[in-house]
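For the record, the sequence lines run as chains A and B.
If you count the first sequence from 1, position 317 lands on 317 in the numbering used here, and the numbers rise without skipping.
If you count the second sequence from 1, position 51 lands on 51 in the numbering used here, and the numbers rise without skipping.
Please keep in mind that the hints were generated in silico from the structure rather than gathered at the bench.
Please read these numbers as outputs of a predicted model, since none were measured by experiment.
Not one of these hints is a red herring.
No more than 25 Å apart at the CA atoms, straight line, and that leaves these computed lysine to any residue pairs for SDA-like:
#	chain 1	residue 1	chain 2	residue 2
1	A	K429	B	D261
2	A	K33	B	H356
3	B	K27	A	L431
4	B	K341	B	N373
5	B	K244	A	H356
6	A	K33	B	H30
7	A	K33	A	T288
8	A	K70	B	H68
9	A	K189	A	Y279
10	A	K341	A	A29
11	B	K189	B	G324
12	A	K66	B	G104
13	B	K70	A	Y47
14	B	K16	B	V434
15	A	K408	A	I380
16	B	K221	B	E251
17	A	K66	B	S8
18	A	K16	B	G104
19	B	K33	A	Q369
20	B	K33	A	F387
21	B	K33	A	F427
22	A	K16	B	Q314
Protein chains: 2
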Amino acid sequence: MITPKTLSGFKDRLPKEAMAKGVVLDKLAHVFKSFGFVPIETPHLEYAHILTQEQGEIQKEIYRFKDHGKREVGLRFDQTLPLARFIAQHHSVLGLPFKRYAIGNVFRGERAQKGRYREFTQCDFDFIGSHSILCDSEIIQVIIAGLRALDLEEFSVWINHRKILNGLCQHFGLHAQEDTHTLLRVIDKLGKIGHEGVLLELNTYFPEIDFKEFLSIINTKQEEDSLEFFKRVAYLKDYNATLKEGLEELERLFALLLALDINPDHFKVDFSIARGLGYYTGMVCETTLNQLTSLGSVCSGGRYDNLSRSFSTQNLPGVGASIGLDRLLVALEELELVESKSTSARVLVVCMHPSHFVYASQVAQNFRQSEVNTELYPEIGKLKKPFSYANQKGHEFVVVLGEEEVQKESLTLKNMTTGLQVNHLSFLKALAMVKE
Amino acid sequence: MITPKTLSGFKDRLPKEAMAKGVVLDKLAHVFKSFGFVPIETPHLEYAHILTQEQGEIQKEIYRFKDHGKREVGLRFDQTLPLARFIAQHHSVLGLPFKRYAIGNVFRGERAQKGRYREFTQCDFDFIGSHSILCDSEIIQVIIAGLRALDLEEFSVWINHRKILNGLCQHFGLHAQEDTHTLLRVIDKLGKIGHEGVLLELNTYFPEIDFKEFLSIINTKQEEDSLEFFKRVAYLKDYNATLKEGLEELERLFALLLALDINPDHFKVDFSIARGLGYYTGMVCETTLNQLTSLGSVCSGGRYDNLSRSFSTQNLPGVGASIGLDRLLVALEELELVESKSTSARVLVVCMHPSHFVYASQVAQNFRQSEVNTELYPEIGKLKKPFSYANQKGHEFVVVLGEEEVQKESLTLKNMTTGLQVNHLSFLKALAMVKE
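Construct the complete structure from the given sequences, taking the supplied hints into account.
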C-alpha cells in the first residue's frame, strides 16, 4: 500500500473550495474582459535560462531539472517572465497596445510556512506597449472593479510612484541605482520588521546617512481627501525634479480616477509602497482589505519601462498587477463572502428499485432541460442514505420516486430547507416549486 | 539577448485560441454541473512513487526530478492517478458516491510529433463509489450533452464492454489475465496498423491460435438500430457466461439511454474498442466526430473496479471519461464552430488629446456599466492606428471623441461591420445602437 499524500507545501482543493475558486475566477475574468483584456496561456515549463535572468532570492526557489532531451528546464515562478518571453516572441502577430490577463499556477520551493504554498494561483493583468497614463488609471480601475465584483467593500489600493522614491533617495544622497534598489528592498520590509528594524538595517548599509527624516516622509499615508493630501505634500516638489515629476504624475492619475464613478476611499497614496522588484519605474501599488490588513496585499503591481529587455531591443513599456488568488480566497472565506456548498446540483433524484431507473433518468433529464442542475442518486435501498447525502452536500430538494410515482408518472418532492414534503406532484408542479 | 522561445513540444495560446478554449471549458463545466459533478484540483507535482505504480510505456515519459528537499517528484501525466490518490486521502470527508470533474494540464515527455504536445489539457469526469448502471448511463449522457453544448451534431460514442472482450479471449483459448492484456494492447492498434497488422502481431505472441474469426467478431460495429444489432449478435451469448454478462450489461445500458431524449445515432456498439489500459473492467467507450474520424477519439473512458487499489483496501468502483481538449479544439476550429476574435471588447473608445482623457474614461465607464465590454485606446494621434487596431482585433464599434464631442458631451460612433458612422450622438442613443 502507498500512503496517499500530497507533497509538503502542495494541496488539493476539495469541491467546496474549488467551486468557490471557480466563482471568483469567473467574476474576475468578467471584469478583465469588460475592459478589453484578453486571456493568454503560456506553458508551466520554460527553458531555465528564461527564468534565471533576474537576480534575487527567488532564483534558489525555482524548480529546475533536466528534461528527457537533457535541456535545462524550470517550472515558472511567476507569470511576468513568461509574459516578457511571450510578447517578445509574438508581438508582431499580437499588435500593440496589448492587454492580457493570465490565470495560472506558479511554483516556488520556499521554506514551508503556514498559509504559504509551493504551488499557488496567480491572476495577472497587464497593459503593454503604451506610456499613457490611461493605462495606469485602467489598472487601478480593474483592481477596484475586480474586488467590488467579489462583494468586497472595504479596501484600499495604496499607490506610490517610483520617481517619488528615487527623488527622495537623491535628496538624501543615494545616487547609484544599486543603492536605490538596496534601499527599496529594505523599505519593503517595513510591514515585517517595523520602523526601527528598517532604520537599523539601513544604517548597516549606509552608516553615513541619517534616515530619520527620510523615514518620516516614507511613512506618509493619505488619510484626508486627495486634493488636500497633494497640498500637504506639495513642498516635496521643491526637493528635486524627479520628486516633482513623480508627484505630478500621481496627481494626474488621481484626477482621472476622481472623475469616475468610483468610491474615492478605494485609492490612496502611501509613500512607503516600494515593490522591491527592480523592474518597476513608475506608479506602484498594493491593496489591503480594511478588516484583514494583517493578511498583507491581495493585489500588487506597477509600471515598468521595458518588459522584454532581455529578449528584444524593442522598447515595451507597460503597467500591470497581480492578484494572489489563494490569499484572496482565504480573505473571502474569512469575510463569509463565498458560497459553501459541496454540490453543483439543486435537486437530488432518488428511486427505490432498478425497475425505476428509466423513469428516474427521464425525470432528471426533464429537470436539466429546464435549467435545473439535477443529480441522480445511483444506489437503491433505504432512503436514509440519500437524504443524509443531500444534507451533507447541500441539495435544496430531494425527489423521491417509488412504485406509485412511477405508475402515475408523478413525483414526491421534499424541500430540504423547510422540511416540507409534497406527494404525487406532476413534473410541472414540482418544477414550479423548485423554480419558485 | 536571449532568444524568446518555448520548449519543443510546448506552446503558447494566443488570445484567439485562449478565448476559444475558455468558451469551450465554460460550456463543458456547465454540462458537468448540470449533472451534479463538482470540480476538484490536485497539484501538478506529486511524489514520483504515486505516479510510477502503473506499468507501461508512459513511465519513460514522466517528467521526474529531485526537489529542494531531495524528494523524488514528478509532473502528473494524467488526472486518474492523482484522483485515485485524492479519493483515498479524502474519501471520509467527501462522502460517497462522489462525482468530480477536473480540468488541468498534464505532461508527457513523448517524442515530439505534429499535433502532439508535451503539455496538454485534459478534462476528466468520474462517478466514484457505485456499481450502478445509472453511473455508466450518466457518463455517456455527459459526453453527448457536452459535445452537443459545443454545437457538434455528427458524432458517435462507440461503446464496448470488457466482459465481451474477456469472454471472446476465453472462447479463443486465452485465459491468463496477462495474455488478455497483451491482446487488448494489440487490438488498440487496429486504427494505426490495420486488420492485417494486428493479425500479424497477434500471431507472433500466440502462434498456436487462429485469430481470423476472432478478428471478424472484433470488427463488428453497430450500423443498424440498437435492438436489431443486439439481435444480430445474440448468438455470442451462447459462447460463455462472461460474454453473456457483457452483452446483457450493454443491452441494459442501451435500454436506459434509448428511453431518454437523445439522438440514438450518438451512441453505438463497437466490439473493437478496447482501451488498452489494464484498469478498465466494464463498459469502455471512445468518441469520434463523423466528419473528422482521422482525428481519433476526442473523449474516451470506461468503468473500473477499484480506482484506489494501490492506496487503500476500500473497494472504490467507478466510471469516467476524459476529453482531450487540445484535439477537440482542433476539431472545433476545423468545423468552424469557434469564434475567431482577438478582443473581448465590443467597443473601442478613441480620443484625440490628453485633455479628453477624463471624458473618454467616463464614456468607457458608462458603456461598461451598461454591460458593454469597452476598451479605451490609450494613445492619441492619427485615427488610422486605432481603426486598424479595431479591424485587426475585431471590435464591432469605434467611438471617436474630439474637441466638439467633449464640449457637447456627445460622441461619434462608427459601426465597423457596416461602415456607417453617426456623429454627435448622445450616450444613450449610441448605447441603443450598440445594443441593437
